[in-house]
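Hey, can you work out the whole structure from these sequences and the hints?
Chains as they are written, first to last, in my numbering: chain A, 1 to 413; chain B, 1 to 413.
If you are wondering where the hints come from, they were derived from the structure by calculation, not from laboratory data. Small disclaimer: the values here were computed from a predicted structure and weren't measured. A few of these clues could be false.
Identical chains blur together in the list; that is why a pair holds if it fits in one copy or across any two.
[As the list claims (entries may be wrong)] No farther apart than 27 Å at their CA atoms in a straight line, the calculated lysine-lysine pairs in the DSS-like style are these: (1) K108 - K60; (2) K328 - K93; (3) K83 - K72; (4) K108 - K16; (5) K108 - K93; (6) K72 - K55; (7) K83 - K16.
Okay, here's what each chain looks like letter by letter:
Number of protein chains: 2
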Amino acid sequence: MTVRELAQQAKAASGKLAITSAQTRNDALLAMADALLAAAPDILRANAEDVRAAKECGMKPSFIDRLTLDEKRIEGMANGLRKVSLLPDPIGKSDYVAVRPNGLRIEKRRVPLGVVGIIYEARPNVTADAIALCIKSGNACVLRGGSEAIRSNAATCDALSAAAVQSGIPQGAIQLLRDTDRAAASEMMKLNGLIDVLIPRGGAGLIQSVVQQATVPVIETGVGVCHVYIDESADAGMGADIIENAKCSRPSVCNAAETLLVHAAIADRALPQIATRLTARGVELRCDARAKALMPGSIDASEEDWSTEYTDLILSIKVVDSFDEAVKHIETYGTHHSDAIVTSRYDVAERFLNEVNSAAVYVNASTRFTDGEEFGFGAEIGISTQKIHARGPMGLDELTTVKYAIRGEGQIR
Amino acid sequence: MTVRELAQQAKAASGKLAITSAQTRNDALLAMADALLAAAPDILRANAEDVRAAKECGMKPSFIDRLTLDEKRIEGMANGLRKVSLLPDPIGKSDYVAVRPNGLRIEKRRVPLGVVGIIYEARPNVTADAIALCIKSGNACVLRGGSEAIRSNAATCDALSAAAVQSGIPQGAIQLLRDTDRAAASEMMKLNGLIDVLIPRGGAGLIQSVVQQATVPVIETGVGVCHVYIDESADAGMGADIIENAKCSRPSVCNAAETLLVHAAIADRALPQIATRLTARGVELRCDARAKALMPGSIDASEEDWSTEYTDLILSIKVVDSFDEAVKHIETYGTHHSDAIVTSRYDVAERFLNEVNSAAVYVNASTRFTDGEEFGFGAEIGISTQKIHARGPMGLDELTTVKYAIRGEGQIR
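Dropping the structure here:
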């Protein structure tokens with residue numbers, strides 16, 4: 001089947017799916033969880049083939065790790081489906097009802113987006129996650145996963161799709177693009193009228209490729225050059241705790257910090273202890289001249305470092321002379337994802353929250369909290385770094401749009 | 001100045017504009033209204049040149065009419081600025097504050113989009129409207145109006161921009177692209193990182209050109225193939241009132257009806273009186289075979305008619321055998337803009353509201369109400385026909401995005 005045919009089937013199913021009850025969708029998610037566990041042997045067999053092929057191609061161990069499924073990961077995927085079934089239904093609620101002077105009742109109602117396209121890399125667990133969130137929110141989906149995981153994704157999708165249909169989800173609502181050719185992905189990005197929104201999930205290269213090629217609306221996700229700024233008014237110990245956590249707790253994710261900015265007035269108190277703690281955690285320190293003098297074992301940062309998302313145990317460090325210089329640095333080199341200040345001053349805290357133009361701005365907390373789960377959304381389809389439709393962690397509400405349902409008694413204008 | 005330089009200036013101004021107070025922005029709008037009236041002689045002189053050039057090029061009278069300004073239209077533009085100053089401030093309000101178990105306070109706050117790009121055709125009053133809504137919502141703007149109105153737009157922009165700066169709006173927040181070359185417009189559509197969103201306003205050709213070319217996120221506006229469906233349960237007189245209003249009250253706009261669907265069981269009662277009334281209003285009736293037999297003076301509709309936005313006194317008419325056939329027709333040929341049913345049955349009304357997947361769905365009212373003013377938004381920057389970010393009439397709230405402001409006491413994860 002061509003990608004256009006897949007999308008046409010998804011589109012046809014989306015109209016029926018949009019008017020299923022929450023009960024039907026939740027029951028389906030539970031049945032899909034059971035089906036996933038029942039299909040575990042098939043999925044693991046398919047995954048083993050994917051892993052063997054990836055090893056033969058000489059893929060890196062970190063890649064192989066992300067690609068590999070085991071019984072525990074499949075259980076995690078099934079639990080994810082069950083958890084999503086328990087979340088509040090995002091569909092049908094109204095946050096605006098106006099009765100106009102002419103008597104028209106105008107209700108703004110949450111409805112599914114329609115058909116969501118998701119383009120992602122070789123993490124087969126994303127397949128189950130994405131399907132769960134789309135079905136919960138009443139959306140059909142067209143998935144295009146990394147070619148290296150195609151057998152795993154196909155086995156997962158087959159199991160979930162069959163269970164969904166048995167539970168009353170319209171046939172065709174869950175589509176996986178099995179043609180792993182790049183041309184098919186490019187065609188998918190141009191299916192205006194069939195796909196309502198594209199969400200790319202993956203590295204900067206994937207995301208840029210989608211932004212550049214797509215004519216379907218895109219929600220850009222992910223790239224995070226996040227900062228921690230330790231103000232002169234900071235508790236130096238709190239600053240050290242926060243940067244250690246923001247850098248080291250999970251360096252591969254987009255909400256990890258990449259750059260530490262330190263006010264000159266506190267640099268000699270803060271930086272030596274930070275150097276000790278980060279070096280002990282294996283972090284490479286890339287510094288400007290003033291920071292380098294205070295951080296034993298550090299090396300020189302280049303201009304490029306300030307705009308680099310390392311996703312690794314590397315941190316760039318700069319000493320600044322003022323709050324304004326810190327904000328300017330963040331605005332110049334950052335990606336407007338997540339940025340934090342450590343300060344004890346009220347006015348400085350409020351200015352940071354106002355003036356730093358990022359999806360998430362923190363006072364005295366780690367940037368690592370930018371996450372749908374941590375924000376209380378119960379689930380996350382990605383973290384938007386653009387400004388339209390969604391910004392920051394995207395939960396189920398961000399997979400909906402609105403319609404206006406208007407009731408009259410013959411009004412004309 | 002190149003379009004990139006214009007956008008860089010707008011971007012630089014947008015950070016400062018975003019943190020101006022509502023008072024500053026409202027005072028500026030009032031000063032801008034005064035300045036517009038004071039500059040009326042200059043603007044009218046510039047407009048007269050635009051009109052003369054357009055006439056020399058042989059433009060149609062309807063085009064000349066949209067292009068022409070007079071004192072009354074300039075007063076209307078000034079009143080528009082004043083009216084926008086009185087609307088509630090869309091910036092800074094929070095619709096979600098969560099206190100998480102770890103004590104983090106997560107506030108979702110409305111902030112400006114940043115830099116809004118608006119591409120429009122030769123209606124110079126759009127220039128003042130768009131600037132008013134952008135300044136009110138704390139957004140810098142880059143405007144690209146139709147080349148035929150360039151002198152009028154430049155004079156308008158100069159007057160408004162000078163008054164804005166004098167009132168504390170940062171220099172550079174209001175930008176007009178004076179290079180009317182298409183290449184400059186194309187470049188504008190690719191300024192990711194400088195322009196946050198593009199809103200095209202105009203005909204289908206302009207909008208498609210932006211959707212196809214842009215890499216900056218776009219909010220698609222406008223094209224409306226809107227339907228009125230008269231169900232077998234309808235009051236035939238109400239049906240006639242509604243289709244006459246939906247077609248004739250202003251046929252050039254996107255919320256005007258283009259197609260009438262009538263249930264076979266009521267066609268012989270409804271269609272003859274509708275034919276009489278619409279013919280008296282000068283409407284050309286393009287019918288399927290069954291409708292034609294009931295509508296004196298009508299002609300045959302072609303397949304193309306069902307998907308045509310006439311924006312003129314032309315209506316296509318089809319007799320359907322069921323509610324389902326009507327819904328299927330609307331989903332197949334419509335643009336999901338505004339669609340209405342006329343019915344006396346509760347279940348049919350609710351099914352229509354649920355099953356027709358359009359931005360605005362009406363029971364017993366004219367499609368002509370799809371409008372920011374009529375919906376109670378106080379202003380409108382356009383009508384979105386896409387699903388992400390905004391759908392239906394876009395008011396000031398739709399010119400904002402969110403940021404998460406998070407207050408902690410040293411939390412790490």
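Hints, verified against the model:
Taking the closest pair of Cα atoms, K108 and K60 never come within 27 Å of each other, the shortest separation being 49 Å inside a single copy and 40 Å across copies. Taking identical chains as interchangeable, the C-alpha atoms of K328 and K93 lie at most 27 Å apart only when they sit on different chains, with a minimum of 25 Å there against 41 Å within one chain. Taking the closest pair of Cα atoms, K83 and K72 come within 27 Å of each other only inside a single copy of the chain (16 Å); across copies the shortest separation is 61 Å, beyond that limit. For the identical chains of this complex, K108 and K16 are intra-copy neighbours only, at 20 Å inside a copy versus 33 Å across copies, given an alpha-carbon limit of 27 Å.
Taking the shortest alpha-carbon separations for K108 and K93, both the intra-copy value of 8 Å and the inter-copy value of 19 Å come in at or below 27 Å. For the identical chains of this complex, K72 and K55 are intra-copy neighbours only, at 22 Å inside a copy versus 74 Å across copies, given an alpha-carbon limit of 27 Å. When the C-alpha separation of K83 and K16 is checked against a cutoff of 27 Å, the pair qualifies only within one copy, where the shortest distance is 24 Å, while the shortest distance between copies is 43 Å.
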